[in-house]
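Starting from the given sequences, assemble the full structure and let the hints guide the process.
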Amino acid sequence: AAGVIQSPRHLIKEKRETATLKCYPIPRHDTVYWYQQGPGQDPQFLISFYEKMQSDKGSIPDRFSAQQFSDYHSELNMSSLELGDSALYFCASSRGLGQEKLFFGSGTQLSVL
Amino acid sequence: GQQVMQIPQYQHVQEGEDFTTYCNSSTTLSNIQWYKQRPGGHPVFLIQLVKSGEVKKQKRLTFQFGEAKKNSSLHITATQTTDVGTYFCAGKGEKLTFGTGTRLTIIP
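These protein sequence lines are chains A and B, in that order.
Using the working numbering, the letters of the first sequence map in sequence onto residues 1 to 113.
Using the working numbering, the letters of the second sequence map in sequence onto residues 1 to 108.
Hint data in this document are derived by calculation from the structure and do not stem from the laboratory.
Ideal Cβ placement from N, Cα and C applies to all residues, glycine included.
Honestly, I wouldn't trust all of these hints.
[Claimed, not checked] Interface residues of chain B toward chain A, partial, derived using beta-carbon atoms under 7 Å: (1) Gly40; (2) His42; (3) Pro43; (4) Phe45; (5) Lys95; (6) Phe98; (7) Thr100; (8) Thr105.
This is the structure:
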């Protein structure tokens, strides 16, 4: 069965650089969520989209932005990267908004040097 | 805002012993979900509980949702090495909030 695809798997950036993370949800899933997980931490909700519109916003820094495109894939754009942005970034998708279970991708490991 | 806490943070058990993690929300939940994250992996959905007092079982795993819909527990009977990982609850209030997780390690 198709799963949530994230790219790249690993990304190394310098401070103040920009990064773009991509997420391709499971087919027919219309909702995408972005989470940030630091080492030994629980996933922290950043932002979500339903039917290409932002549906909820969590602890996403102003330096980050995201969008969901017409094919339902989503991109997380990160600018002016800081050392503290180093983390595992998960994308998850679901069908419908609200009560649905989340299917997570394998994540993008971002290292900011 | 909504907070979801889990205890314990870490649990080390001998293989074959039982394990329980508890999840407590600061607000009443419409549902609670449980996820398992293996070391180096991503969270994988285990189950969703919706009704007050609901109990669900999956083989050696028993999930319970409290009567007040503010707490939940996951109990594993006779742990095996394959149970290693971090167990997260995720409570659905205004938004889906992940708990702090319980990291389970098994001593063979």
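Status of each hint after checking the structure:
1. About 10 Å separates the beta-carbon of glycine 40(B) from the nearest beta-carbon of chain A, more than 7 Å, and the hint is not met.
2. Given the 7 Å rule on beta carbons, the hint for histidine 42(B) holds: about 4 Å separates it from the nearest Cβ of chain A.
3. Interface restraint check: proline 43(B) against chain A, minimum CB-CB distance 5 Å, threshold 7 Å, status holds.
4. Taking 7 Å as the C-beta cut-off, the interface hint given for phenylalanine 45(B) holds, the closest approach to chain A being about 4 Å.
5. Hint on lysine 95(B) holds. Least Cβ distance to chain A is approximately 6 Å, under the 7 Å limit.
6. With a least beta-carbon distance of about 5 Å to chain A, the hint placing phenylalanine 98(B) at the interface is held under the 7 Å criterion.
7. Evaluation of the threonine 100(B) hint against chain A yields a held restraint, the C-beta minimum of about 5 Å falling below 7 Å.
8. Taking 7 Å as the C-beta cut-off, the interface hint given for threonine 105(B) is violated, the closest approach to chain A being about 13 Å.
Hints 1 and 8, counting from the list given before, are not met by this structure.
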